[in-house]
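These two chains come separately, so use the hints to put the complex back together.
If you read the protein sequences in the order shown, they are chains S and L. So the first sequence is numbered by my numbering: it starts at 1 and just counts up by one. So the second sequence is numbered by my numbering: it starts at 1 and just counts up by one.
For the record, the hints were derived by calculation from the structure and aren't laboratory data. Remember, predicted model here, so these are calculated numbers, not experimental data. Treat the hints with care, as some may be off.
As the list claims (entries may be wrong) - With a straight-line cut-off of 25 Å between C-alpha atoms, the simulated PhoX-like cross-links for lysine-lysine are:
(1) L:LYS167 to L:LYS111
(2) L:LYS172 to L:LYS128
(3) L:LYS111 to S:LYS223
(4) L:LYS167 to L:LYS128
(5) S:LYS223 to L:LYS128
(6) L:LYS222 to L:LYS167
Stated by the list, open to error - Which chain S residues face chain L? A few, computed with CB under 7 Å, are given here:
(7) VAL48
(8) ASN51
(9) LEU119
(10) GLU214
(11) LEU219
(12) GLY220
(13) ALA221
The C-beta atom is built at its ideal place from N, Cα and C for all residues, glycine as well.
Letter by letter, the chains look like this.
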Amino acid sequence: MAGAKAQTTTNFRERLAQRTQHGDSIFWAVTLFFALAVIALVVAIGWVTWNDSALARERFGIGFFASSEWNPVETEVSPESFGAVPAIVGTLISSLIALILAAPIAVGIGIFLAELCPLSLRTPLSFMVELLAAIPSVIYGVWGVMVFAPFFTQHVAMPLSESMREIIPWLSSSQVAAGRGLLIAGIILAIMILPTIAAITRDVLTLVPNTQREVLLALGATKWEVIWLAVVPYARAGIVGGVMLGLGRALGETMAATMLVGNRPQVPGSLLEPATTAAALIASELINAQSLLHESALVLIALTLFVITLLLNLIARLLIWFVNRGPVGSVRA
Amino acid sequence: MEETTQGSSRLLNGFAETVSPAGERVAQTATEAKIEAIGFNFYYGTFQALRNINIRIPQNRVTAIIGPSGCGKSTFLRAINRMHDRTPGARGEGQLLLGGANIYGEIDPVKLRRRVGMVFQRPNPFVKSIYENVAYGLRVQGVRDRRVIDEKVELALNRAALWDEVKDRLHKASGTALSGGQQQRLCIARAIAVDPEVVLMDEPCSALDPIATMKIEDLIHKLRANFTIVIVTHNMQQAMRVSDMTAFMLMDSATRAGELIEFSPTAELFTNPKDQRTKDYVTGRFG
Ligand SMILES: Nc1ncnc2c1ncn2[C@@H]1O[C@H](COP(=O)(O)OP(=O)(O)O)[C@@H](O)[C@H]1O
Ligand SMILES: [Mg+2]
Numbered sequence: 001m002a003g004a005k006a007q008t009t010t011n012f013r014e015r016l017a018q019r020t021q022h023g024d025s026i027f028w029a030v031t032l033f034f035a036l037a038v039i040a041l042v043v044a045i046g047w048v049t050w051n052d053s054a055l056a057r058e059r060f061g062i063g064f065f066a067s068s069e070w071n072p073v074e075t076e077v078s079p080e081s082f083g084a085v086p087a088i089v090g091t092l093i094s095s096l097i098a099l100i101l102a103a104p105i106a107v108g109i110g111i112f113l114a115e116l117c118p119l120s121l122r123t124p125l126s127f128m129v130e131l132l133a134a135i136p137s138v139i140y141g142v143w144g145v146m147v148f149a150p151f152f153t154q155h156v157a158m159p160l161s162e163s164m165r166e167i168i169p170w171l172s173s174s175q176v177a178a179g180r181g182l183l184i185a186g187i188i189l190a191i192m193i194l195p196t197i198a199a200i201t202r203d204v205l206t207l208v209p210n211t212q213r214e215v216l217l218a219l220g221a222t223k224w225e226v227i228w229l230a231v232v233p234y235a236r237a238g239i240v241g242g243v244m245l246g247l248g249r250a251l252g253e254t255m256a257a258t259m260l261v262g263n264r265p266q267v268p269g270s271l272l273e274p275a276t277t278a279a280a281l282i283a284s285e286l287i288n289a290q291s292l293l294h295e296s297a298l299v300l301i302a303l304t305l306f307v308i309t310l311l312l313n314l315i316a317r318l319l320i321w322f323v324n325r326g327p328v329g330s331v332r333a
Numbered sequence: 001m002e003e004t005t006q007g008s009s010r011l012l013n014g015f016a017e018t019v020s021p022a023g024e025r026v027a028q029t030a031t032e033a034k035i036e037a038i039g040f041n042f043y044y045g046t047f048q049a050l051r052n053i054n055i056r057i058p059q060n061r062v063t064a065i066i067g068p069s070g071c072g073k074s075t076f077l078r079a080i081n082r083m084h085d086r087t088p089g090a091r092g093e094g095q096l097l098l099g100g101a102n103i104y105g106e107i108d109p110v111k112l113r114r115r116v117g118m119v120f121q122r123p124n125p126f127v128k129s130i131y132e133n134v135a136y137g138l139r140v141q142g143v144r145d146r147r148v149i150d151e152k153v154e155l156a157l158n159r160a161a162l163w164d165e166v167k168d169r170l171h172k173a174s175g176t177a178l179s180g181g182q183q184q185r186l187c188i189a190r191a192i193a194v195d196p197e198v199v200l201m202d203e204p205c206s207a208l209d210p211i212a213t214m215k216i217e218d219l220i221h222k223l224r225a226n227f228t229i230v231i232v233t234h235n236m237q238q239a240m241r242v243s244d245m246t247a248f249m250l251m252d253s254a255t256r257a258g259e260l261i262e263f264s265p266t267a268e269l270f271t272n273p274k275d276q277r278t279k280d281y282v283t284g285r286f287g
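Bound conformation, chain L alone (with noise of 0.2 Å):
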């Protein structure tokens, strides 16, 4: 492993380092691995859509995945917090941790998805007030106590840097009302509302306008201070701007299977990149 002079890079290469097969792994590093495959397979029936992950997500760092589209970053992402159980045939194999339990196997679905919530493309909010949008899922998860839940949705719409902009009108406006860009940093104050450790996001600006995901973004990098994100990107830029982390994956030509190529420090990954099948796509020499 090359020496760097940044402190924090060197931490990070640390991570980079499990991408060689698991048994050759080195020496845990000062960050703890969050999220952590080591051998995962994932299966859609027959069809085999993600092969021989390794991987170690770091705790309180933004992790970008990149790669041209079906490579399998989804199937990934959603691996996580199993949003697969509803598909027929969908399953995962191998392991692949959160905090060191093995999600496909001690860790119960309902109680892995309250630690790892999830952004999605478009933004979704139900049709009801901007206060119920947030309040939501506290309300799910029990939490009947009105004076929890308000402070609770304060926070949440501060750290989606929403609050400001919606404090009058919380129980006046439906969430549909709000803009899109609004409209999705409502869905991620929905989804950090119930404090999870994980914020998975995939694809979560596809739908939105330059200026909206530039606020979004500003967002992301600020919230890893209070939780691990995972965002799947097909904009490298965006992963630049981002990640401190990014993972490349791409589909095997032959199986169709996606492959973790590499998995480095965001900056090293686009600038000093390992893997040759990394370089052509980083400099837009590949689909």
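The shape of chain S in the complex, shown without the other chains (with noise of 0.2 Å):
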């Protein structure tokens, strides 16, 4: 009997080790499957859209990043016609005027989430800030129409066009009553991305090592001189992918830019005025193209877009590559 079940036992370990044998194997299959296939999916994209987007390069070439016409229906006077002028702009300055906004606040929010505050205070305001960061974007959209707009309409605006008109050109305009353009486009997009980059500061800051802050205050430091010379310095590439995650949501976001930025697809004179975004022409156009090469137009935009974020993904890299070279500030335990 007992023989019976050391047989049986030895059995089970055999063929389990039968059976796992070729377990790192096929792991190793599995996962390079995968990774794989994220290549694959970037490739695809880029092939789709510069495949549909075949007539309007034959059509514009080159000229199409320079011209500033967007033009989907043809009249008399104005022929059909395109350009990305107005959506790259547009895109670049909002992104622009969010990170501008976000980046210093949710740094310092992410600093004092992790360095700072009281431990009672913490997983609350943490909590909440990945709440935040959770909140679906057409409900930013849906507050910045329905309370931001009137609010900033008559508040900021206004007044910032009247005193600004003679000063200061691009930060007043005869249109403000919209209510729409970048700067308030940039605003929701900041208080959008301030979460995310709030939240990864937070994380890469409760990983940096405990002796980086001990060095530091051994030799006398106060508070804030640990932060700056030993923690934020430590964390610095990933503060910086943070804050390029922040960008790259800025850049693609769809919603709150087209319920905000006001659809006009025309380089603007003003912060004030309304304006496109990339992804919002995509959005407000895509569904009811006019044409073949209007709808050809809009893919080249997105691969416009496409192209933009590697290229800032890629810029980012080298930046933290970079930094994180040269003899630094950082004390590596």
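Right under this line is the structure:
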């Protein structure tokens, strides 16, 4: 009886060993497959947008990126014509505004949560920040349209436009009343990407080893000096990564931008005038494209946005690599 | 107290007396106590890590803290420069005095740490030039005068017995490019460049090879001319080689709180321990 039991145990062991002998290689193959699938997906997106934009590319050539004409409806005075400048300019400016407004505040929030916040507040505040990051963008859009836009028009845009008329023309406009434009879109985008950057900053700061802080503390540094000389430099690559992720979200954000940017495919004369972004342009026009050429031009805009995003990520990588190379102020324990 | 023929030994014996409860302390001896704990307790939240520590650590001497791992050696060492401040729930109770002033009360933590430097277990130089590594603390503390910094860097590197090895590449080589032993001496130079009164060392040789360890031990022995040194070590030979006084700590088996069992001149603690538990430990009959 006991012998039989021992027998089955060995059998079981053997069978298990047999069954799992290929485990590593199977696991390797499966992970490789998915890793390759990701690359294939990127290639496929590039391929599809490249193919489907053939018509526009042939018609306008490189001039597409220099033209600010966006005229989907052929009339006698103006022929059907498309250019990427309004979309590119609108995308870059609104994202830049979002980044300038959000990055410093968000990094500050991250530092506060990770380094300064009393323990009893840390968990609820962190939870709230993460909650903000998870809110669908259309809700930010609704809030922007219903609540923020009227307030912004009344109390910010109008006085600003009034006072800046002679001094800074791009902060003044005669179309303020519409309450749409790159500035308000940028502000809403800033609010949207703020929690993303803050949460990532907090996460990378909590990963900084304690010895980093202790070395500086032991030299008689204050809390501030510890944060700025030891903790932040050590986590710098991660913080830049978080900011880039925020920027990526701002560049591609469609819903809130569509609702607040004004959807006027022209290069605006001012931040307070209706304009457009690449994502907003595609979202608002693709479903009822007027012609094959119109559709193809929109796909080409998509390809452009894709390339811009890739380029910015590449630049961010280079920046991180460059920053981490030289003799820098971080401690490596 | 047993009369000893050697003068310095008698002097140090004065400190040994203080292991007995604070109230029964004998009169102050000639050498001043740099650091003094009177009924000091330390807690991590509800867990008591140190109980009723009474010790008088003499100035310009090397004091070693030995004991099995987990008995609270690091906890006590780090309490001296309030390294626990960032740890939630960690708090000291009772009196821990630096030059007579309470570390957990009267002294501002930043000022305290300027007087009490620290060297860590693993060498941790900054990714900066050798010169900048040593100058870092001075810069943090607001020294701007180039000549003063030059002088102090040279002095600190000399005291750390590193000057001759690095003087040709002060600005060229990164602190992290040095060997492990050199890195640790660089960290010692960095700690002493700011002229602390006390230097705390938590197992400073545990990541080093025997030759590098020997150099550091020599160095520690010399440094006591200018600094009060408290060193935690798990290596009893090391404690015998470098220290004047040795404190033996043990964890109470029931409450897991660390206690100071015996504090005596090093030679005496190892050859003629008063407490049976110390005897068991130093003769290796104890975990
Ligand atoms: N940050 C901490 N939080 C909670 N308990 C701790 C912490 N650090 C150390 N301890 C506990 O305190 C006791 C003493 O630790 P430590 O001082 O590191 O011992 P040693 O340095 O003598 O090995 C141990 O039981 C350890 O588990
Ligand atoms: Mg320890």
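Hint check:
For the proposed pair LYS167 of chain L and LYS111 of chain L, the alpha carbon gap of about 31 Å is over 25 Å, so the pair is violated. Distance hint between LYS172 of chain L and LYS128 of chain L is fulfilled; the C-alpha atoms sit about 9 Å from each other, no more than 25 Å. At roughly 12 Å between alpha-carbon atoms, LYS111 of chain L and LYS223 of chain S fall within 25 Å of each other, so this suggested pair holds. For the proposed pair LYS167 of chain L and LYS128 of chain L, the alpha carbon gap of about 15 Å is at most 25 Å, so the pair holds.
Only pairs whose Cα atoms come within 25 Å are accepted, and LYS223 of chain S paired with LYS128 of chain L is accepted, the gap being roughly 21 Å. A hinted pair counts as satisfied when its Cα atoms are at most 25 Å apart, and LYS222 of chain L with LYS167 of chain L qualifies at roughly 21 Å. Among the interface hints, the one on VAL48 of chain S is violated; its C-beta lies about 45 Å from the nearest C-beta in chain L, farther than the 7 Å criterion. With 7 Å as the threshold, the beta carbon of ASN51 of chain S stays out of range of chain L, its nearest partner Cβ sitting at about 48 Å, so the hint is violated.
Taking 7 Å as the C-beta cut-off, the interface hint given for LEU119 of chain S holds, the closest approach to chain L being about 5 Å. This hint holds: GLU214 of chain S has a C-beta 6 Å from the nearest C-beta of chain L, less than the 7 Å allowed. Below 7 Å, beta-carbon pairs count as interface contacts, and LEU219 of chain S has one with chain L at about 4 Å; its hint therefore holds. Here the hint on GLY220 of chain S is kept, as its CB sits about 4 Å from the closest CB of chain L, short of 7 Å.
With a least beta-carbon distance of about 5 Å to chain L, the hint placing ALA221 of chain S at the interface is held under the 7 Å criterion.
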